[in-house]
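Chains A and B, in that order, give the protein sequences.
Note that full-length UniProt numbering numbers the first sequence so that position 26 is 26, with each residue one more than the last.
Note that full-length UniProt numbering numbers the second sequence so that position 117 is 117, with each residue one more than the last.
Just so you know, not all the hints are guaranteed correct.
The list treats identical chains as one, so a pair stands whether inside a single copy or across any two.
Unchecked claim - Under the rule of at most 25 Å between Cα atoms (straight-line distance), these lysine to any residue pairs were calculated in the SDA-like manner: (1) K133 with I166; (2) K59 with F142; (3) K6 with P19; (4) K6 with V67; (5) K56 with E180; (6) K23 with E87; (7) K131 with G190; (8) K6 with E71; (9) K56 with V177; (10) K56 with H195; (11) K59 with D185; (12) K23 with M93; (13) K6 with S169; (14) K167 with G117; (15) K56 with E46; (16) K23 with Y13; (17) K56 with R24; (18) K6 with H43; (19) K60 with R78; (20) K204 with P120; (21) K23 with N49; (22) K59 with F3; (23) K138 with H43; (24) K59 with D122; (25) K6 with L69; (26) K138 with I171; (27) K6 with A94.
Derived from the structure by calculation, the hints contain no laboratory data.
There are 2 protein chains.
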Amino acid sequence: MEFSSKLLENAVYEMSQLPGVGKRTALRLVLHLLRQPESQTHHLTEALNTMRDTIKFCKKCHNISDVELCEICSNPNRDASLVCVVEDVRDVMAIENTSQYRGLYHVLGGKISPLDGVGPQDLNIYSLIDKAKSGEVKEVIFALSSTMEGDTTNFYIYRQLEAYDIKTSTIARGISVGDELEYADEVTLGRSILHRIPFENSLKS
Amino acid sequence: MEFSSKLLENAVYEMSQLPGVGKRTALRLVLHLLRQPESQTHHLTEALNTMRDTIKFCKKCHNISDVELCEICSNPNRDASLVCVVEDVRDVMAIENTSQYRGLYHVLGGKISPLDGVGPQDLNIYSLIDKAKSGEVKEVIFALSSTMEGDTTNFYIYRQLEAYDIKTSTIARGISVGDELEYADEVTLGRSILHRIPFENSLKS
């Protein structure tokens, strides 16, 4: 693409550094900003800069937070003996939306992925082990996505926790509620049969 | 969506004001910026601010430019008697890429669209009429998209230019090069038959 302006080219280039945004999409977004009042661009850039420069992470669960200790960790009504291990803030939001979980979280900030150069030291794993050492935690629930990286991360943490008297569990994999069996993939369907639960338990919720 | 941080929520809100970017995509983009070094966010916001605040439009053709008179308008090798009317800078880039056009452009900045509240006074139409008055222009080529708004805009300009001794033309609509006839839509195929050209002419390029 040949641009008639260096300023435009530079803005498109920076915009296209975002994941899933190609050159054409970037140009469309940038031209949109040019057609809008200047204030829209200023609001956007100020919001991004302020967020990037001043955002805090909860010192206990590493979730994004505006204060030292996030709302969930500082809530006395939540069960501090239960810790759910998730990848990032989106997973916390998804689980909170279900209103089914009353424990705390531990946000890893990623998954172990040697191909991308992400090792255990790049994630918030050691602080989880420290929590385990303290004796406060009774059960750790793994809620990472079931990919190779997720499974690797689960297993790494599992091995680290073995030394302590802590129950570990993983969220149930199976057919989604409302899904037709015939369209489910074989691995999921296979697991849902292997890990079947007593019928009475399914009546509870 | 419930956010654990006002800063995050604000950044996601501003990001989701961009066209085609929903709340979920905005959150994904913002979290990506949080994982990257701060410099990436600063480069992005600076590029956007600089562009929005200091970008110029060519005083002759209204194309985006870093200088008063854009490269195309200031090129003495281009035919100033030929003016191609387009909607925005993307159309200029697309036509320039063909290397088939040696005239100048006139960027309208949109199309007449009463439903969106865009009238002739919101577009760069009067400066086109001024060009026509000056006697410099011999032919005006309409290259707007063939939607109702595009056709309306073409016709409006056509009526304004009638008073002057200027040839008007519109880019050819027809079956794309390499396309199969059976998959073409009826309107396009119909027009391509109606506006057929002498066979010898098709051998030229």
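Inset, instruction - Check each numbered hint from earlier against the structure, then list the numbers of those it violates in ascending order. - result: As far as the earlier hints go, 5, 7, 9, 10, 11, 13, 14, 20, 23 are violated by this structure, in ascending order.
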